Structure formats: structure tokens, C-alpha cells
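Listed in order, the protein sequences are those of chains A and B.
Quick note: to get the numbering used here, add 238 to the position in the first sequence (first position is 1).
Quick note: to get the numbering used here, add 193 to the position in the second sequence (first position is 1).
Bear in mind the hints are in silico, worked out from the structure with no lab data behind them.
The model shown is predicted, which means the values in this text are computed figures rather than measured ones.
Warning: the hint list may mix true and false statements.
[As the list claims (entries may be wrong)] Covered stretches of chain B (in silico footprint by chain A; criterion: 3 or more residues with CB under 8 Å from a CB of chain A, positions within the stretch not fixed): (1) 241-250; (2) 253-261; (3) 272-279; (4) 345-354; (5) 387-397.
[Said to hold, decoys possible] Sample of chain B residues at the chain A side, in silico, Cβ under 7 Å: (6) Asn440; (7) Gly441; (8) Glu444.
[As the list claims (entries may be wrong)] Simulated DEER-style distance windows between Cβ atoms: (9) B/Arg448 with A/Arg376: 32 to 42 Å; (10) A/Gly366 with B/Glu263: 40 to 50 Å; (11) B/Asp296 with A/Arg376: 19 to 29 Å; (12) B/Lys411 with A/Val378: 16 to 26 Å; (13) B/Glu465 with A/Arg376: 16 to 26 Å.
Each residue gets a CB set at the ideal place from its N, CA and C atoms; glycine is no exception.
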Amino acid sequence: MIGTKLLFIAATALMGNVAEPSDGLIENGLSLNGIAMNGINFNGAELNGLSLNGTKLNGVELNGLSLNGPVIQGLSLNGPVIQGLSLNGPVIQGLSLNGPLIQGLSLNGPVIQGLSLNGSSLQDAAPGPSKPQEATARVVGIILDPS
Amino acid sequence: MRSHVVRLLSLVVVVASACEPSAGSPSSEVEGEHEHEAASSAAADNEVLPIVVEGTRLVVRKTDGTIATETEILGAKLVVSVDGRAPQLVRVDSIEEDTKSDDGEILLYELSSQDATGQWVNVCPADPDGLQRGFLLSGTWTKTGEHLRDDANIELSCTSGAVGKCLRMGYRPWENDTQFARHQACTRMLRADYCGNGASYTKNGTLINVFDPAGIQKAEPTEDLRFEAAWGPDGAVCLHHPRIPENGSLEDIVRACPERLTGRTGDACTAEAALADPKALVLNESRMR
Numbered sequence: 239m240i241g242t243k244l245l246f247i248a249a250t251a252l253m254g255n256v257a258e259p260s261d262g263l264i265e266n267g268l269s270l271n272g273i274a275m276n277g278i279n280f281n282g283a284e285l286n287g288l289s290l291n292g293t294k295l296n297g298v299e300l301n302g303l304s305l306n307g308p309v310i311q312g313l314s315l316n317g318p319v320i321q322g323l324s325l326n327g328p329v330i331q332g333l334s335l336n337g338p339l340i341q342g343l344s345l346n347g348p349v350i351q352g353l354s355l356n357g358s359s360l361q362d363a364a365p366g367p368s369k370p371q372e373a374t375a376r377v378v379g380i381i382l383d384p385s
Numbered sequence: 194m195r196s197h198v199v200r201l202l203s204l205v206v207v208v209a210s211a212c213e214p215s216a217g218s219p220s221s222e223v224e225g226e227h228e229h230e231a232a233s234s235a236a237a238d239n240e241v242l243p244i245v246v247e248g249t250r251l252v253v254r255k256t257d258g259t260i261a262t263e264t265e266i267l268g269a270k271l272v273v274s275v276d277g278r279a280p281q282l283v284r285v286d287s288i289e290e291d292t293k294s295d296d297g298e299i300l301l302y303e304l305s306s307q308d309a310t311g312q313w314v315n316v317c318p319a320d321p322d323g324l325q326r327g328f329l330l331s332g333t334w335t336k337t338g339e340h341l342r343d344d345a346n347i348e349l350s351c352t353s354g355a356v357g358k359c360l361r362m363g364y365r366p367w368e369n370d371t372q373f374a375r376h377q378a379c380t381r382m383l384r385a386d387y388c389g390n391g392a393s394y395t396k397n398g399t400l401i402n403v404f405d406p407a408g409i410q411k412a413e414p415t416e417d418l419r420f421e422a423a424w425g426p427d428g429a430v431c432l433h434h435p436r437i438p439e440n441g442s443l444e445d446i447v448r449a450c451p452e453r454l455t456g457r458t459g460d461a462c463t464a465e466a467a468l469a470d471p472k473a474l475v476l477n478e479s480r481m482r
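Chain B on its own, in the form it takes in the complex (with noise of 0.2 Å):
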């Protein structure tokens, strides 16, 4: 597999400028309102140009016309807004491919953001496997857990995030309908969000097993692990058994949703149907409790 890992190495340099308050470069004093004026004022001194992203790959057309190689994208600073709130500025530290990938299409980004005392920190947690990275995707999630589509929408996610661990497994939403369907199922499936209105009935840690019936994730034989749940783009279609009981009974659940999963939980539903079931694009198995 090509590896095109790319580390700053003038991130020391980057980091001395950054501290010396001038055009284009955040004051290493700034926190707060103060990093959103430097984020302002660094987009006033140097030019924002808009962004696409061809899967997860990052395209920037400078003011000439030309493309931005990954080079010249290495130390440049995203401008980012979370949750509606002032922008604020982000910068690419690495680029690499997924190493979980095999055609080399992923890639994950190292970004970070400064903090109070000016020094820069990576912006993504520590997945299971001590990753802390992040990529973007085009298109919306809103508050209900829903994927939607819109190129005009560029999204950072993280790879500890249920996004971006679907992602991972092979469900790549821009390949087609069926892959956008798929990822959007996996993230209801990792978030235990039975009835698709972006409740979650897990907690973080819990393991499962991940499987579907085109053979992107294999069912692989597990000891401890039970078929929970079979998924669509819309939450469970049918449910074995809660993941985590504490947060929701069987019977809470088809409360929750009855017009769901009523005469779709316990026997009713088992892998064998679930993977004959058109409606099922991704199953799991999880700890019976």
C-alpha cells in the first residue's frame, strides 16, 4: 500500500510565529473571544478559500486556479466553527492514508487547535486504539442522528466518533446510495439508537460485534457475543436484545417506538432472517446481560 505520511517539520517554526503576534499568525495570548478575534483576523489578512472534499480528500483551489497539493496544505489552518459558535482556526499537522484502508481512499488528518497557554493540542480524542485523528466528510448531521447529503456542507469528525468508526469498517457514503444507507445504519447500529430519533440506549466501551450482508464487515464467530440487532438508515430492524438493559428494557424500547419494533424483538428476530431482510444493511452482537 502507497504511504504518503507526511509530518510538519516546521512545526516549531509555525509555533515561534504563532507566538509573535502578526499578520496572519494568532497571538499566543489569545483564549476565548480573543482566539475567535485572532481567528477573524487571520482570515482577514489571509485569504479563506473555500473547500471540497472528494471522499475524504481535501481539495483547495488557490486564488490562480490551481490545486493546492498536500504539501502546501501541510500547516494550513482550517477555519472551523463548532456547534454554530464563532470560528476558529484549525491546523493540518499530518496527512496519512487509513492504514485499515486498502485502496489508499481514507485519509485521516492530524489537526490541532491552540489552547489557552498558546501551544497547539491535537483536536480529536484517543479512539480505542489511541488514534487521534480526524477527517472531513461533506453533508449534515442533525440533532436526530441523520445524515444529510450536502457538498456545500463540509463536516470534521474524529476517528473516535461513531462517523468516523463507520468509515473505517468500509462504509464509505460517497461511493453510492447503498454505501450512504450503510454508513448511516452503522452509526444508529454504534449508538444503540433503536428507534432512529437519535436517542442512545449504550454506553461508551461497551463492545460489539459488527457484521453485515454484503460481506464489508464478515461475521466472525464470537464466545461472549449474542446477535443483538439488525439496522436500516432509520434505526433497528428488529431488535434480539438490549445492549445495555440499565438504559432500556425490551419492553422501554418498543415504547419508545412501537410503530418500529412492536412484533420485531426477542425470537422474532434472529441474524438468519435479519440477513435475508433487504431492510437489514448492517447486524451486531453484543454481550447478553
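The following block holds chain A by itself, in its conformation from the complex (with noise of 0.2 Å):
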């Protein structure tokens, strides 16, 4: 099953519903465009192999989501609440964060372009021991320049 229930959720939100909680989530290949997403929580969800391209996330609630790329583009992510989130490119380009409050932000690029976050309440983590956010990156070998 491949992004049904957050597929669903996008329609129903586009259809003025909102608030269909989405906890421990977990969606694999999914590719979400231009989609306004309005009153929605998200709650330990878990995104994998995600494309987001221009995306627009208002009144939302974000906990503990984590965002895995390769590619998160234009994303806007519009408070009130952003909280744990955890955003793995390796590219994330174009990226807007708006509070009031944006708490536990993780970015892990290597590429992060055009960052802008905004919020009344910044906070580099919430109370209590965390998990390290240092990527593995293991070389497989080297290609030596033929020139």
C-alpha cells in the first residue's frame, strides 16, 4: 500500500475537512504535489523515499515527523505547532517553517538551500535525552578521474 491513507487525508482535506489524525504513520514511494494540506495532525509519522514539491501544510501539528528524501522541495510548513521534526535529503531546498512554535528541528542535508524558518518560539530541543542525528555514510569505492 503505497501513500492511501495520507492520499486520503489530502482529499479529505482539500474538501475543507480537517484534523484526521495520523499517528505512527509509516508511507514508502510517496510523492505528494502541490497539495495544500490544511488542520492536519501528524503525529510520529514516518515518511520514506518522499518527494515533495511545493507543498503547502497550513494550521497544521506536527510531531515527531521525520521526512526522509531524496528530494523536499518547496516545502512550507505553517505552524501553529512544529515539534520533532526530522527532515533527511539529501536535498532540501526551498524550505519554510513558520511557528508560532518550532521545537526539535532536525535538518540533515548534505545539500540544505534557501532555509527560512519563522517563528515566535524557537527551541533547539525539547527536555530529555535525544538520539544523535549523525547520518552513516558508508564508501562502497572510489571512481578515479580519468583525466
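Dock chain to chain to rebuild the complex, using the hints, since each chain is given by itself in its own frame.
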């Protein structure tokens, strides 16, 4: 099943319904293009192989959401609460996060470009222990430059 | 000290050729999965050679059996898989000896990968000194922060991370078992991983002072810092006070790993006693809050 639950949520949001909770959601290979989602709650969701282009999430409460690339582009997240958000590239581009509360944000490149964070309250970590976010970069081999 | 900083003088040429899709050159248009296709394509057209590292020195044996020179490695592209994802190409732009190393044994690599616009950008974030360099180290790091010996596995680290900082402090895991353990203990210390299970109780940018019984990092007087903890490869040997109390009080931390820290906190944990404890490999001070 690819993205059916989230796409359902998107569809209801577009029809004006709000606050469909998505707790513990795991989606793989999902692509969202130009979708506006309003008043959605995401809690502990994990999205893998995700491509977000020009997507807007408005009036949302995002808790413990993890977005894993390869490409996260033109994403706009508008509070009121953005908490424990983790975005993993390799490419994160044109990202805009608007508070008022942005908390425990983790962005992992290697490329992060055009980042805009707006919030009356920006906190780098929620209280309590955390897991280090250092990516594992395994070197498979090398290609020598023929020139 | 011998210095052989070699900058990649052919950067413009390399970027220009990269902008024209051709055998072995990733397209300037690539992004996301296309970049991965480019990595696979480049790998198909130009043979991916295995590498080994000696300390932090990259050793490449060419198909004719000879070892690639440093000049040949400059401009070469490492095939790197980040967090198990499809491989991407990371270019070696410069190689230099670490100025903090007194014997030239630690080599720092300037590494870049292509962004969505085709520009080559440094893959390493800036460390507290503003340095953006990486290095290669053998072994595997588990999710719980444990370093496993594995010469067949080579990982990239940056000077901004705990692994890199500990290496540059003089804890070199390839030298011997004790140094391997000291390096592991140091990474636990930098992350304030008191329980040795990968849970970090610190936050970025927190000042600490590091010293050890072997004198690799010497104890130097500090005005505002007080002894915090002694560390072994599996976490804190004892804990005087938590680095960031908001992230966990003494009681919280003991509750998280009672088998490790019960009876070994507060006034029961002193630098003098820890320096005499063979299990304490590195020690640190931090501000009491």
C-alpha cells in the first residue's frame, strides 16, 4: 500500500475537512505535488522515499514527523506547532517553516538551501535525552578521475 | 611539520565537464533519484575501485596493481551510501594534514557533492572553528553509538561530529585497543551518553573541558567549569552532575541506567577518584547549572 492513507487525508483536507489524525503513519515512495493540507495532525509519522514539491501544510500540528528524501523541495510548513521535525536530504531546498512554535528541528543535508524559519519561539531541542542525528556515510569505493 | 595541502586546481574544468553529460560525468540537471542514476551510470562507465584506510589515509589500489598517488586521488569521486540510501558521488577536493596533529597522521579531506543545481558543495557542516573537512575511518557505528571493528567497512565523518572531534583530540582508534576504547569513551562523553545506549543528554554548542589519565588531553584550570563525569567505552563510569539538567536530572539519568550509575553519582564521583580508576579513560568538566 503506497500512500493511500495520506492521500485520503489530503483529499479530505482539500474538501475542507480537518484534523484527521495520522499517528504512527509509515509511508514509502510517496509523492506529493502542489497539495495544500490544512488543519492536519501528524504524530510520529515517518515518510520514506518522499518527494515533496511546492507542498503547503497550513495550520498543522506536526509532532515527531520524519521526512526522508531524496528530494524535499519548496516545502512550506505553517504552525501553530512544528515539533520534533526531522528532514533528511540529500537535498532540502526552499524550505519554509512558520511557527509560532518550532521545536526540536533536525535537518540533515548534505544540501540544505533556501531555508526560512519564522517563529516567535524557536527551541533547539525538547527536554530529555535525544538520539544523535549523525548520518552514516558508508564509502563503497572510489572512481578515479580519468583526466 | 610537513604540510602538503593540495588544492584542486582543476575545479573549474571538472565542473564544466560535469555540466555536459558524458561518460563518467554526472549531469548538471540531476537531482534526487536522477542523481542516484548518475552515480550508478558513472560507476558503470568508470570502474569503482575498492579502498582501504590506514589510520585516516585513503589507499587505492589501481587495476594495474599500483597504489594511486595523492594527485590521482584528488578529483576522484567516492561512491558513498548515506544511511543505506542509493549511492551518490562525493568528490575529493583537497587533502591536508590536520594542523592539530603533531605527527601528520591525521589527514583531513575536503569533500563535495552536487546539489540540485549541479554545483559542487561541501558535504561537511562547519565545526566550531569554521572548518569543513571530513575523513575516512574503518569500522561500523551502531544506532546505540557503539564503534565496531570492521576493516571492510569505511565510513565518512566530519570534523564537526563527535567521531571527528575525538580523533582530533588525539584518541586514535587504529593505534591499539586502549586508544580504540578511549576514542569510544570520548564519543560517549561528547554526546553525554551517560548510559552508553545512544541517548544523548547534551545539546549542540555546550562547552566542556576534556582530560584523561594518560595526559593526551591535559587537565587545565578552568574558572567556571566543574568536574562532570568519568567515561569508559560503555558510558559514564560515574557522574557528578548532569551537563544539561533540563534534559535529565541526576535522578532521571540513574533511573535510565541504574545498573551503571547507582551509588556512583554526586559527591561519590570525584576527579581524583576517577583518575585512579582504570575504567575511567577520559574525564570532563562542564558548567554546573
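Outcome of the hint check:
By the rule of at least three residues with a Cβ nearer than 8 Å to a Cβ of chain A, the coverage given for the region 241-250 of chain B holds, with 4 such residues. A count of 3 residues in the region 253-261 of chain B with a Cβ less than 8 Å from any Cβ of chain A is obtained; the coverage claim is therefore met, three being the minimum. Under a criterion of three residues with beta carbons nearer than 8 Å to beta carbons of chain A, the stated coverage of the region 272-279 of chain B is upheld, 8 such residues being counted. With a cut-off of 8 Å between beta carbons, the region 345-354 of chain B has 6 residues touching chain A; three or more are needed, and the interface restraint holds.
For the region 387-397 of chain B, the proposed coverage by chain A is satisfied: 6 residues have a C-beta within less than 8 Å of a C-beta in that chain, meeting the threshold of three. The beta carbon of B/Asn440 is positioned within 7 Å of a beta carbon in chain A (closest approach about 6 Å), and the interface hint is therefore held. The closest approach between the C-beta of B/Gly441 and any C-beta of chain A is roughly 6 Å, which is under the 7 Å cut-off, so the hint is satisfied. With its C-beta approaching chain A no nearer than about 13 Å, B/Glu444 sits outside the 7 Å limit, and its interface hint is violated.
A beta carbon spacing of about 35 Å between B/Arg448 and A/Arg376 agrees with the range 32 to 42 Å that was offered as a hint. At roughly 46 Å, the beta-carbon separation of A/Gly366 and B/Glu263 lies within the given 40 to 50 Å, and the hint holds. The beta-carbon spacing between B/Asp296 and A/Arg376, approximately 28 Å, falls within the hinted interval of 19 to 29 Å. Evaluation of the 16 to 26 Å hint for B/Lys411 and A/Val378 yields a failure: the beta carbon distance comes to about 40 Å.
Distance hint check for B/Glu465 and A/Arg376: the Cβ-Cβ separation is about 42 Å, which falls outside the suggested range of 16 to 26 Å.
Hint violations for this structure: numbers 8, 12, 13, all remaining hints satisfied.
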